[in-house]
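In the order they appear, the protein sequences are chains A and B.
So for the first sequence, my numbering puts the first residue at 1445; every next one is plus one.
So for the second sequence, my numbering puts the first residue at 121; every next one is plus one.
I should point out that these hints are in silico values taken from the structure, not numbers from a laboratory.
Hints are not guaranteed to be accurate.
[As the list claims (entries may be wrong)] Not the full set, but computed from the structure, chain B residues with beta-carbon under 8 angstroms of chain A: (1) A142; (2) I194; (3) V198; (4) L201; (5) W263; (6) L302; (7) Q320; (8) D324; (9) E327.
[To be verified] Far from chain A, some chain B residues (derived; all Cβ distances over 10 angstroms): (10) L144; (11) P153; (12) P156; (13) A159; (14) H219; (15) L257; (16) R269; (17) A308; (18) A339.
In this text, a Cβ means the ideal position worked out from N, Cα and C, and glycines have one as well.
Listed below are the residues making up each chain.
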Amino acid sequence: MEQGLQSCHGCGLLSRPASGAPEGRCPRCDEDLVFRKPDSLQRTLAYLVAAAACYVPANLLPVLTTTTAGGSESDTIMQGVVLLWSPTGWPLSLIVLFASIMIPSAKILTLGYLLITVKRGSIKNNAQRVRLYRMVEIIGRWSMVDVFVDTFTVSLIQLQPLMSVEPGPGLLFFAAVVVLTMLAVESFDPRLIWDSADAKEVQREVQHA
Amino acid sequence: MSSQPHHHSDCNRPLADASVIACLDCDLLQRIPEVPDGASVRCPRCDKELWRHKPDSLNRTFAMTLAALVLYIIANSVPMLGLHAAGREAFTTVVGGAHQLWLDGQQIVSVLVLFAAVISPALQILFLLLIVLGCQLKCPPAWVGMFLRHLHFTRTWSMIEVMLLGVLVALTKIADYATVILGTALFALFALVVLLAAIQSCFDPREVWQRVAWAEPDAQPPVAGTEFSKAKP
Chain A
1445 MEQGLQSCHG
1455 CGLLSRPASG
1465 APEGRCPRCD
1475 EDLVFRKPDS
1485 LQRTLAYLVA
1495 AAACYVPANL
1505 LPVLTTTTAG
1515 GSESDTIMQG
1525 VVLLWSPTGW
1535 PLSLIVLFAS
1545 IMIPSAKILT
1555 LGYLLITVKR
1565 GSIKNNAQRV
1575 RLYRMVEIIG
1585 RWSMVDVFVD
1595 TFTVSLIQLQ
1605 PLMSVEPGPG
1615 LLFFAAVVVL
1625 TMLAVESFDP
1635 RLIWDSADAK
1645 EVQREVQHA
Chain B
121 MSSQPHHHSD
131 CNRPLADASV
141 IACLDCDLLQ
151 RIPEVPDGAS
161 VRCPRCDKEL
171 WRHKPDSLNR
181 TFAMTLAALV
191 LYIIANSVPM
201 LGLHAAGREA
211 FTTVVGGAHQ
221 LWLDGQQIVS
231 VLVLFAAVIS
241 PALQILFLLL
251 IVLGCQLKCP
261 PAWVGMFLRH
271 LHFTRTWSMI
281 EVMLLGVLVA
291 LTKIADYATV
301 ILGTALFALF
311 ALVVLLAAIQ
321 SCFDPREVWQ
331 RVAWAEPDAQ
341 PPVAGTEFSK
351 AKP
């Protein structure tokens, strides 16, 4: 950025903007170029707040409603984890616990931490912070697992009037948490982590000169 | 993407040395060295893998993408799961799962499931196929670059592997109530997940970018080793 060069997120080509143009276009792949993702911090924060807001009903409202001849019963995500816990099913129960409850909350906390440190211009632990970001990027998709579990449970157990399963209102909020946190990750620009360190270095060089 | 007609003025100029890049995760300027097959180049500051030299990338990707296409068609045309209980049988496919959610009033989630488990993987396979087919030409046209640029998006949202884990959990739950029948599509999906991972590890986008015709032909440096001379009037 200090050199006035833009690198392309589509193809990786480094190029120099035409004189006077604030935004450019990649000559190789036609992608619109910017120095940093536009309004990265604000957008990430917006998605994150929305995700945190959905996180509460996602965990409190039922995701599945089972109707049998004896009546109907609603389960939240956590109750689903407990139901799955058995001598043979406990590994899967743990997987769902990780994917549905721990990963979304860890994602929200991690991105919040990254946002705060970038906003405060922290120059510490840059390599660890960018590694944290990559981890969130890779692991995040796995929290969709519960959406698929519920989808196929619902579509298979349709044995009216004996037994049927219907999706509950919590499912929509849970899916929203997953999608919103994925969008938050996409809109965060990891290069911002390094910018304050780079700026301080430039400052120091100026002072030396 | 800009919808305006392309003006030469808003187009960036490339550097003289195309091996100089800025790390996409930390913006460090550096030169990518040539490395032997299988070796990778990492950013010295943030450890991001910038490039891995993958041998015979395009041919292998082509072969595996064709296989993935066949598996994808099988996976979405035959039943994936069946259930046998109380003298009745029920079958479902991936699309059927999304359809049932739609009927139960969860339209938004239904579309999301369809997008992540059916549409994105289809786009991923289609884009890959078009890219490798385009690269069979002596000078791959600029639309190859357009598909390659959007490949990342389809990979982010294509979640077959996550879906399979979900199916596994659902099966364990249901096994308490009824006999579960595994359909052919389930095995096709397993193979598809393995194939997509294999494609991921043998496809080298840098090789395509080095060969593809640029969106802005005037800016393209003459390609070494080819007679492609549209470069400058």
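Item to check | List of violated hint numbers, smallest to largest | outcome: 2, 3, 5, 6, 7, 8, 9, 10, 14, 16, 18
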